[in-house]
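**Student:** Listed below are the residues making up each chain.
Protein chains: 2
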Amino acid sequence: MRLRVKWLTTASLVGTVLKYIAAAMVVPLAVSFIYMEDVWVFAVSAAATGLLAFALERLDPDPDMGPAEALLLVVVSWLAVALVGTIPYLLAGYGTPSALAHPVNALFESMSGFTTTGATVMGEISTDRHSHALMLWRQLTQWLGGMGIIVLMVAILPELAVNGAQLMKTEAPGPDLQKLTPRITQTARVLWIVYFGFTALLAVLLYALHLGGFAPNMTAYNAVAHAFSTLPTGGFSPEADSIAAFSAAVQWVIIPFMVVAGTNFALFWHLLDGDVRTLLNDPEFRVYAGAIAILTAILATLLYGGGAPPQELGGTTAGNTENALRQAAFQIGSLLNSTGFATSDFAQWDPAAQTLLLFTMFIGGSAGSTGGGIKVIRWIVVIKALRRELFRTARPSAIKPIRLGGYVIDEDVVRGITAFTLLYMVLFGVATVFFVLDSLRVGYELSTLEAMGASIATLGNIGPGFGSLGPFGSYTEFPFETKLMMVFLMWIGRLEIVPVLAVFTGAFWKR
Amino acid sequence: MRLRVKWLTTASLVGTVLKYIAAAMVVPLAVSFIYMEDVWVFAVSAAATGLLAFALERLDPDPDMGPAEALLLVVVSWLAVALVGTIPYLLAGYGTPSALAHPVNALFESMSGFTTTGATVMGEISTDRHSHALMLWRQLTQWLGGMGIIVLMVAILPELAVNGAQLMKTEAPGPDLQKLTPRITQTARVLWIVYFGFTALLAVLLYALHLGGFAPNMTAYNAVAHAFSTLPTGGFSPEADSIAAFSAAVQWVIIPFMVVAGTNFALFWHLLDGDVRTLLNDPEFRVYAGAIAILTAILATLLYGGGAPPQELGGTTAGNTENALRQAAFQIGSLLNSTGFATSDFAQWDPAAQTLLLFTMFIGGSAGSTGGGIKVIRWIVVIKALRRELFRTARPSAIKPIRLGGYVIDEDVVRGITAFTLLYMVLFGVATVFFVLDSLRVGYELSTLEAMGASIATLGNIGPGFGSLGPFGSYTEFPFETKLMMVFLMWIGRLEIVPVLAVFTGAFWKR
Ligand SMILES: [K+]
Ligand SMILES: [K+]
Numbered sequence: 001m002r003l004r005v006k007w008l009t010t011a012s013l014v015g016t017v018l019k020y021i022a023a024a025m026v027v028p029l030a031v032s033f034i035y036m037e038d039v040w041v042f043a044v045s046a047a048a049t050g051l052l053a054f055a056l057e058r059l060d061p062d063p064d065m066g067p068a069e070a071l072l073l074v075v076v077s078w079l080a081v082a083l084v085g086t087i088p089y090l091l092a093g094y095g096t097p098s099a100l101a102h103p104v105n106a107l108f109e110s111m112s113g114f115t116t117t118g119a120t121v122m123g124e125i126s127t128d129r130h131s132h133a134l135m136l137w138r139q140l141t142q143w144l145g146g147m148g149i150i151v152l153m154v155a156i157l158p159e160l161a162v163n164g165a166q167l168m169k170t171e172a173p174g175p176d177l178q179k180l181t182p183r184i185t186q187t188a189r190v191l192w193i194v195y196f197g198f199t200a201l202l203a204v205l206l207y208a209l210h211l212g213g214f215a216p217n218m219t220a221y222n223a224v225a226h227a228f229s230t231l232p233t234g235g236f237s238p239e240a241d242s243i244a245a246f247s248a249a250v251q252w253v254i255i256p257f258m259v260v261a262g263t264n265f266a267l268f269w270h271l272l273d274g275d276v277r278t279l280l281n282d283p284e285f286r287v288y289a290g291a292i293a294i295l296t297a298i299l300a301t302l303l304y305g306g307g308a309p310p311q312e313l314g315g316t317t318a319g320n321t322e323n324a325l326r327q328a329a330f331q332i333g334s335l336l337n338s339t340g341f342a343t344s345d346f347a348q349w350d351p352a353a354q355t356l357l358l359f360t361m362f363i364g365g366s367a368g369s370t371g372g373g374i375k376v377i378r379w380i381v382v383i384k385a386l387r388r389e390l391f392r393t394a395r396p397s398a399i400k401p402i403r404l405g406g407y408v409i410d411e412d413v414v415r416g417i418t419a420f421t422l423l424y425m426v427l428f429g430v431a432t433v434f435f436v437l438d439s440l441r442v443g444y445e446l447s448t449l450e451a452m453g454a455s456i457a458t459l460g461n462i463g464p465g466f467g468s469l470g471p472f473g474s475y476t477e478f479p480f481e482t483k484l485m486m487v488f489l490m491w492i493g494r495l496e497i498v499p500v501l502a503v504f505t506g507a508f509w510k511r
Numbered sequence: 001m002r003l004r005v006k007w008l009t010t011a012s013l014v015g016t017v018l019k020y021i022a023a024a025m026v027v028p029l030a031v032s033f034i035y036m037e038d039v040w041v042f043a044v045s046a047a048a049t050g051l052l053a054f055a056l057e058r059l060d061p062d063p064d065m066g067p068a069e070a071l072l073l074v075v076v077s078w079l080a081v082a083l084v085g086t087i088p089y090l091l092a093g094y095g096t097p098s099a100l101a102h103p104v105n106a107l108f109e110s111m112s113g114f115t116t117t118g119a120t121v122m123g124e125i126s127t128d129r130h131s132h133a134l135m136l137w138r139q140l141t142q143w144l145g146g147m148g149i150i151v152l153m154v155a156i157l158p159e160l161a162v163n164g165a166q167l168m169k170t171e172a173p174g175p176d177l178q179k180l181t182p183r184i185t186q187t188a189r190v191l192w193i194v195y196f197g198f199t200a201l202l203a204v205l206l207y208a209l210h211l212g213g214f215a216p217n218m219t220a221y222n223a224v225a226h227a228f229s230t231l232p233t234g235g236f237s238p239e240a241d242s243i244a245a246f247s248a249a250v251q252w253v254i255i256p257f258m259v260v261a262g263t264n265f266a267l268f269w270h271l272l273d274g275d276v277r278t279l280l281n282d283p284e285f286r287v288y289a290g291a292i293a294i295l296t297a298i299l300a301t302l303l304y305g306g307g308a309p310p311q312e313l314g315g316t317t318a319g320n321t322e323n324a325l326r327q328a329a330f331q332i333g334s335l336l337n338s339t340g341f342a343t344s345d346f347a348q349w350d351p352a353a354q355t356l357l358l359f360t361m362f363i364g365g366s367a368g369s370t371g372g373g374i375k376v377i378r379w380i381v382v383i384k385a386l387r388r389e390l391f392r393t394a395r396p397s398a399i400k401p402i403r404l405g406g407y408v409i410d411e412d413v414v415r416g417i418t419a420f421t422l423l424y425m426v427l428f429g430v431a432t433v434f435f436v437l438d439s440l441r442v443g444y445e446l447s448t449l450e451a452m453g454a455s456i457a458t459l460g461n462i463g464p465g466f467g468s469l470g471p472f473g474s475y476t477e478f479p480f481e482t483k484l485m486m487v488f489l490m491w492i493g494r495l496e497i498v499p500v501l502a503v504f505t506g507a508f509w510k511r
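Here the protein sequences come in this chain order: A and B.
Going by this note's numbering, the residue at position 178 of the first sequence is 178; the numbering climbs one at a time, nothing skipped.
Going by this note's numbering, the residue at position 149 of the second sequence is 149; the numbering climbs one at a time, nothing skipped.
Certain hints may be false.
The list treats identical chains as one, so a pair stands whether inside a single copy or across any two.
Simulated crosslink set (BS3-like; lysine-lysine; CA at most 30 Å straight-line) [to be verified]:
1. K384 - K510
2. K510 - K6
3. K384 - K6
4. K400 - K384
5. K19 - K6
6. K400 - K510
7. K6 - K400
Simulated from the structure, these hints should not be mistaken for lab results.
Note that the coordinates shown come from a computational prediction; the quantities given were computed from them, not determined experimentally.
So here's chain A without its partners, still in its complex pose (with noise of 0.2 Å):
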């Protein structure tokens, strides 16, 4: 049996990505000196990053990738990049009683970074008890993070043809970025200028409330770190209580910010363009800010009416207007399209308002940009494809295409769309008994919101659940295996399921 990967141009291409994860050490190192601390552990990860991907570039000196190439590269990327990740944890953790001197809470926390999760196995998230380094290097995992994403979703999952990916490239409606730029790379080029250029925004924006006297504790520290943490819809803060450390001011400026994450980057290029209609009639960016708006009126009047016990963190939304809009917005905002930033406890609010949260986590992020799940564009062509199906009973003789946007969509991509939409409920499932079963293993009682929560959460790539896994809780009580569980739930989920389990299967090795 020959393989017909050539596995070794693979390793050689991680090791250019390991490369640039190497170069992007420096930024946590720089911080280092200027506090002066943990400066030896970012120049020896750095060092040691580097050294790697040196020596796995040279595996292969003319790497030339064909399709299987490039699947396996991107598979084995986000896992390799995860993996040299924890190098900075493992060394600031070692002989301390953080959490992350355990390889495997280190590895989930660099996986959490790098997928944009947001979920957390530390106990004390502080920069007196953590480095501003090293608590910068968590934040900025999710940013390059989301920088990967980008390149994943417009210049490499379309090529493969994998689960309706196509549709998020040539088949876009509105924006057809095939036209935007001649070459792919370029396209994923734009989408870079407009990600950094919303993280400059931000971070100058939120730093701007902190100089005029809005937002005390809004540093220029914790302005960047949490400008890094926005825009890939990543979750992770500095600060132990999130955003609910802030001021409303600060709330309410990031609250645009998370819904611009989950938008398709491209329709802003246009923007730019002043061309403001292919935004407004854009299928996907109607029903995205349709949704939230939808939801965030309904759960704004259930807290309004009384859905949330007052708390030190969220204060008091019932009969206080500004107060439900602002955390209804929020949560909304940031559950919706896989943020995970929090401004309340939700774990604490009523069952229904957690219900509506949960169902929420379903809906994901728009094609083009960094959020996670199912995806917006999913959720269009499975409710026409399952319309269809109706008129196909009502009509059996007719024979009737799904059009998005004035295009015909390929029967191959809306069977992509619907496979993709059921195997995530299945995998959700499936983890949600495991985590179930392995958690009373070990006597840690999981309630069934709990476990679900968990489950989405984590294969959502959104961070916090519920109930002990709320945005104030940590992952940390987890036996080992369920932690491994989620570190390839989030690994897959980031990866849109299917290329990492098609890796798996002998066909994609076996001549």
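Given chain A's structure and the hints, the job is docking chain B with the ligands onto it.
**Tutor:** For chain B with the ligands alone, coordinates are given in the frame of chain A:
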């Protein structure tokens, strides 16, 4: 605009269906004479139903049914039957404090009966409170519903090519129903014989246990009543404590009959010929029996290890092998295929056990059985379709048909089955959120598990859920809007969803 459906033809055929219901009302009428209770109720009910049936039949003296009329007949007849089924409840309840005196409650109970769901809105379930005839009518609605389902599944839906229903006929592996007997109506007759046979056998066995001294309260009335609701995977019982009211011997006898109720009845026809291999080699039966065995083993382990507090009804399972195994086998056997009987208040079990039961409820019965839900054959096709999706990603050029028992499954059937499964999940989610919000509106707080339980228990025609909707609870506290939504879910769930929703499309009615 002309209607393309000859609705008068359908109305006339609905009349024919109602004629059989009027005839069936003679059974409780006879019982009412035995006990001299509610005689006028059933005399009037039978007469009124018969008159209505006669009037409807006259609407089209020479009914000639096409596919559209057949589809409409299926959809309308279940609703019409549920409506006339309320007559005894309303007449008997008139002027009493019985919940069934209210039309919405009566419709809920009647629809729950004829769809073999088994959810109840009755407060006090007892032949002291209600007449023996009325309680037997409630049991009989389930048995009649089961007969209807058999005709629907083998004779009508496959002809209409509804979401993979074809699979349940010609392409079914093992027993090719077409070959069993030359005509479809005869196929249905064969399955009816099996259904009749098992019903009679169970009634005789249960009464024999009574005569043998193993079941003091299993009177002839109870033996017949429970046989009436076991084979249709119904779940109603004239005892408030369901099967927990009876001895362990009764429980052990009912378990295999519940398993039978969810098995393809055609396989038993082969058994009568001495052909055991067809049963044992049937892919659906192997998965169905395997799932019951595995889930029972897991649940028994949980219960043995202390996963349930000692109860008056279910007894102590911790450290008690026989009881742990019995409770596990009974509840899995009951919930997996949508029966809904209970021998223990599983709503009081540990969250882990309840979560396991919740997911068990998504499996469903087999094709050619009276079991509801998604059904095992669909899961087999879905899993094969998902695996093929991985295969296609690993080897984009390969073409791979989906096979089942040596046959290639038509791609239209695969598409119909994946669409059905996805639609099922979407409806489950929408209904859950609806229940939570509607209940909150009237100040009745529902936990996520309770709302999900209500959703799957009605859409899947299972009956009991969790929390206050547990096996010994009642649906009576819900607002009427929620109850009507549940009536709708039971109705569409029992008719495989798509036929009902298709009738609601404009495409069905317009030329
Ligand atoms: K996230
Ligand atoms: K049932």
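**Student:** Does each hint hold? Answer for all of them.
**Tutor:** Outcome of the hint check:
| no. | hint | in the structure |
| --- | --- | --- |
| 1 | K384 - K510 | between (37 Å within a copy, 20 Å between copies) |
| 2 | K510 - K6 | within (12 Å within a copy, 58 Å between copies) |
| 3 | K384 - K6 | between (40 Å within a copy, 28 Å between copies) |
| 4 | K400 - K384 | both (11 Å within a copy, 26 Å between copies) |
| 5 | K19 - K6 | within (21 Å within a copy, 72 Å between copies) |
| 6 | K400 - K510 | between (38 Å within a copy, 16 Å between copies) |
| 7 | K6 - K400 | between (42 Å within a copy, 24 Å between copies) |
Hint violations for this structure: none, all hints satisfied.
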